[in-house]
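S.K.: Sequence:
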Amino acid sequence: MQPAPGMDVSIGPGRPMAPWIKHAPTIITVGMIVILALHGPIAQPAHYNEFADQSAAFGIPHAADVLSNAGFALVAIWGWLTLRPRRASDHLRAGWSGYRLFLIGLFLTAFGSAFYHLAPDNISLIWDRLPIALVCAGLLAGVRGDIQGGSRTGFDVIVLALYAVASVAWWAISDRNGAGDLRPYLLLQGLALILIPLWQAIYRCPRTDRIAFATAMVLYILAKAAEVLDHEIATALGFVTGHTLKHLIATAATAAIVWGLTRRFSHDGHAARRVDPSNLV
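Each residue of the sequence shown is one higher than the last, beginning at 7 in the numbering used here.
Read the hints as simulated data drawn from the structure, not as lab findings.
Just so we're clear, the structure is a prediction, and the values are computed from it rather than from any experiment.
Note that the Cβ used here is the ideal one computed from N, Cα and C, for glycine as well.
Be careful, since some hints might not be right.
As the list claims (entries may be wrong) - Simulated restraints, written as ranges between beta carbons of each label pair: (1) Gly196 to Ile164: 19 to 25 Å; (2) Ile41 to Leu168: 18 to 24 Å; (3) Ile48 to Ala242: 26 to 32 Å; (4) Ile66 to Val171: 27 to 33 Å; (5) Asn55 to Asp96: 44 to 50 Å; (6) Ser95 to His53: 44 to 50 Å; (7) Glu238 to Gly196: 21 to 27 Å; (8) Ser95 to Ile217: 17 to 23 Å; (9) Ile66 to Ala172: 30 to 36 Å; (10) Ile34 to Phe64: 42 to 48 Å; (11) Val171 to Leu243: 35 to 41 Å; (12) Ala242 to Ala49: 27 to 33 Å.
Take these sequences, add in the hints, and give me the full structure.
M.R.: Printed below as a string of C-alpha cells:
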C-alpha cells in the first residue's frame, strides 16, 4: 500500500506533490496542539452522564445503551479472524501492529462502554474512554505504517498507546481535582479524523481504502451528532435514543474500516481462504 522507494508521490494523476504538502500533517498536528494549549481546559458537559435510555431487560438497567455495545465486539472478532492469519502478507504487514491495537481496543470498547452504561458516572467513564483512545491510537499507527512502511510502526504503536492512556489519565486526574480537562483525549480523536484522510490523499492510497475510511469518518461524525442529540432523538423517535443510535452508527463505522482492510485480499483470492485455527492465538 505504501509508495515504492523513489516513486513520486502526488495528490492527483500527473500532479507532482508540492514540497510543503508532505509536511502538512506535522503542521496540522502542531497547529492543533497550539490551539488547544491557548484555548485552555475543555470541561465535560455538566450533565454528560444523564442519558435518555431508561429501558430495562433481563435485569439490566439502561439495557439499550448497554446491549448496543455488542456490535463492537462482533466487528473486532470478525476483523481478528479475517486479518490476523494474513498479518505477514504484503497487504497488511506494514500496518498490522497498529491495526492489531485497533481491534483489541475495539473489543475492549464493547465491555468498557457496557460497564459504563450500567451505572454512568465519571469513575466508570474511564473504562469507556480508555479503549476508545486505544482504537484511535491503533488506527493512526496502522495507517501511518501503511503509508510510510512498517519499520517504525511498532514504535508508533507504543508511543500512541502510551499517549492514549495518558490522555484519559489526564482527564481522570484533573476531573478528580475539580477541573476535568478533555484536551489531550479530544486531540487524539481529532488527529485520527484529520490525519488519516490527509495521509491517504497525499500518498494516493488505493481507492477502496480511501472509501472505507471516508465512510467510517462520516459515520463517526454522525454518531457524535446522535450522542449530542440523545434526548431529542429519544423524544422524536420514541423507540431509540440518540446514544443507543450512536453505538449502532459507530459500530457501522468500525465495520467499514475492517471491510476496507479485508478488501485488500479480494483481488488475489486470499479473502476466500480457509482460516487456520492455529493462527488465531
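S.K.: It remains to establish, for every hint, whether it holds in the given structure.
M.R.: Do the hints match the structure? See the list:
1. The supplied range of 19 to 25 Å is met by glycine 196 and isoleucine 164, whose beta-carbon atoms lie about 21 Å from each other.
2. Taking 18 to 24 Å as the suggested C-beta distance range, the pair isoleucine 41 and leucine 168 conforms, at roughly 23 Å.
3. With their beta carbons about 28 Å apart, isoleucine 48 and alanine 242 fall inside the hinted range of 26 to 32 Å.
4. Remark: the range hint 27 to 33 Å for isoleucine 66 to valine 171 is upheld by a beta-carbon distance near 29 Å.
5. Separated by about 46 Å at the C-beta atoms, asparagine 55 and aspartate 96 satisfy the suggested range of 44 to 50 Å.
6. At about 48 Å, the CB distance of serine 95 to histidine 53 agrees with the hint of 44 to 50 Å.
7. Taking the beta carbon of each, glutamate 238 and glycine 196 are about 25 Å apart, inside 21 to 27 Å as hinted.
8. At roughly 21 Å, the beta-carbon separation of serine 95 and isoleucine 217 lies within the given 17 to 23 Å, and the hint holds.
9. Separation of isoleucine 66 from alanine 172 is about 33 Å and conforms to the stated range, judged on CB atoms against 30 to 36 Å.
10. Checked against the hint of 42 to 48 Å, the pair isoleucine 34 and phenylalanine 64 passes, with Cβ atoms roughly 46 Å apart.
11. Distance hint check for valine 171 and leucine 243: the Cβ-Cβ separation is about 37 Å, which falls inside the suggested range of 35 to 41 Å.
12. For alanine 242 paired with alanine 49, a C-beta distance near 28 Å keeps the hint of 27 to 33 Å intact.
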